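J.: Protein sequences, first through last, are from chains A and B. For what it's worth, my numbering labels the leading residue of the first sequence as 432, then goes sequentially. For what it's worth, my numbering labels the leading residue of the second sequence as 432, then goes sequentially.
Which copy is meant is left open, because identical chains are indistinguishable; a pair holds if it fits in one copy or across any two.
Below, computed lysine-lysine pairings styled on BS3-like, alpha-carbon distance capped at 25 Å:
no.: 1; residue 1: K695; residue 2: K672
no.: 2; residue 1: K468; residue 2: K452
no.: 3; residue 1: K465; residue 2: K452
no.: 4; residue 1: K507; residue 2: K706
no.: 5; residue 1: K690; residue 2: K635
no.: 6; residue 1: K507; residue 2: K695
no.: 7; residue 1: K687; residue 2: K672
By construction, these hints were calculated from the structure, which means they are not laboratory data. From a predicted model like this one, the values you see are computed outputs, not experimental measurements.
Protein chains: 2
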Amino acid sequence: MKILIYGLGHIGGSLALGIKKYHKNHYEISFIDKDKKTLKKARRQMLGSGDLPGTSFENDSIRSADIIFVCIDPSKIKNVLKKIKKLETKKDLIITDVASTKVNVLSYAKSILGKEIAFVGGHPIAGTENSGFEHADPDLFRGKTFIQSGSIGLKKNVSVVLSIWKQLKTNIIQIKPNEHDRVFSYLSHLPHALSFCLNKVALKRLGSKRVKSFGGTSYMDYSRISSSSEKLWSDIFLSNKDNLISSIDDSIDFLKKLKLALKKHSQSKISNLIKSKRP
Amino acid sequence: MKILIYGLGHIGGSLALGIKKYHKNHYEISFIDKDKKTLKKARRQMLGSGDLPGTSFENDSIRSADIIFVCIDPSKIKNVLKKIKKLETKKDLIITDVASTKVNVLSYAKSILGKEIAFVGGHPIAGTENSGFEHADPDLFRGKTFIQSGSIGLKKNVSVVLSIWKQLKTNIIQIKPNEHDRVFSYLSHLPHALSFCLNKVALKRLGSKRVKSFGGTSYMDYSRISSSSEKLWSDIFLSNKDNLISSIDDSIDFLKKLKLALKKHSQSKISNLIKSKRP
Chain A
432 MKILIYGLGH IGGSLALGIK KYHKNHYEIS FIDKDKKTLK KARRQMLGSG
482 DLPGTSFEND SIRSADIIFV CIDPSKIKNV LKKIKKLETK KDLIITDVAS
532 TKVNVLSYAK SILGKEIAFV GGHPIAGTEN SGFEHADPDL FRGKTFIQSG
582 SIGLKKNVSV VLSIWKQLKT NIIQIKPNEH DRVFSYLSHL PHALSFCLNK
632 VALKRLGSKR VKSFGGTSYM DYSRISSSSE KLWSDIFLSN KDNLISSIDD
682 SIDFLKKLKL ALKKHSQSKI SNLIKSKRP
Chain B
432 MKILIYGLGH IGGSLALGIK KYHKNHYEIS FIDKDKKTLK KARRQMLGSG
482 DLPGTSFEND SIRSADIIFV CIDPSKIKNV LKKIKKLETK KDLIITDVAS
532 TKVNVLSYAK SILGKEIAFV GGHPIAGTEN SGFEHADPDL FRGKTFIQSG
582 SIGLKKNVSV VLSIWKQLKT NIIQIKPNEH DRVFSYLSHL PHALSFCLNK
632 VALKRLGSKR VKSFGGTSYM DYSRISSSSE KLWSDIFLSN KDNLISSIDD
682 SIDFLKKLKL ALKKHSQSKI SNLIKSKRP
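With the sequences and hints as input, model every part of the structure.
T.: Below, the structure written as structure tokens:
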């Protein structure tokens, strides 16, 4: 079976290295990446064959692929699906993705691919503040959760994709795309938004020297994810816009209530507001 | 020299264990704690002698102390200072504290103690989400920052207190109480407020089962500190009320701007908003 990894970033790169490590004899890997340095590094690690987008290699590797993992920013998935759709691909081709929002991606897939090409929505919960192939790790997914969410085509396609993720030692959960996007607006997109918020206001008011000298563990934990790529995250935020707006509204409400309780100097009000069991 | 640790919580307990470990031969330790179980445990660890507040032991240990570390919730410091002031204490007594706000504490000390008893403001940056003596650790402060901020009385008193913290392997920084409270509203109190916010809205909207199944590393890091004691934190928040309100206002502003940029579907606006170098 031939696997094409489209995009060797942190997730795509780790996936390629993981498949090489755990599925060595089952799959032939090829890859596409827009960055020449990444291609060089991947070749040096003997990940398989790969080249830039727009080359004849790209078209050949799409045509001959059995499975394509699309591992690029959510807003760019549309164009890649269009590119694939134009080519004469294998009859049983499965396309799958790793994007952290699912409703948008599934609707692109439905409208672009129709019923002719199978699509399996996926989201490994393994992002860190690092990005790029230089931080790729074949064991990034070990013990983490892989969420399968939404699909077009036969159920056995879903099984094929899941079997690959299982061998990378992930725990599999399946949920519907709507539910997925609502859950992750609160558990991933909002924490990132609040972390960006904290880091931005602290730096603005205190300057980076004071932040560095006085930031304790809680600040560092909290602002860690704010060093994530703003390009990727503005893209993710937009791809889950409506849910994120709701979660931001909830947060503004909470902060206004906290402010009011502070102004009233009411310890019991503050205590009730902030009290909650961590699950 | 006789040291009295007033309050064997996470910080006071760690301080007592640290002094026992690193200053064994220099100091005789006694302690006061309102919790009988804590007293029992501390006696079992042969920390010194100790008893409940309100006992004759308390008065004796205050009268004979050379240094008193007041390690209790900020709002209760006032009453302890009043209690000490009423007793006939040693002429060279130094009182010091570990509260995470300093303007309030220094003003209590000034008004209650006058010029007769020396006071040295302190704040070790070593809090975790844990509380209580059961999590006390003699090496909690190793490699952490100890901030000395504000004092009443002779400079040599400050040196006496700093020498104890130095031997617990802390890095010492000195700043003014005003500056301290402004800095920590952004670096400690706001991160806690945002963490409480995240955990509260996520649990409200998703329920604890979903939060547990789907919360990735970023959510867990982010919500870690929200398991801190709401009693302690409502107290800390109130003790730095005005600064915290300013930092909450800044955060609400940021979140409103982010919401607007999302509504406008402007990736460049979002990207500019969230972009900032982590120091």
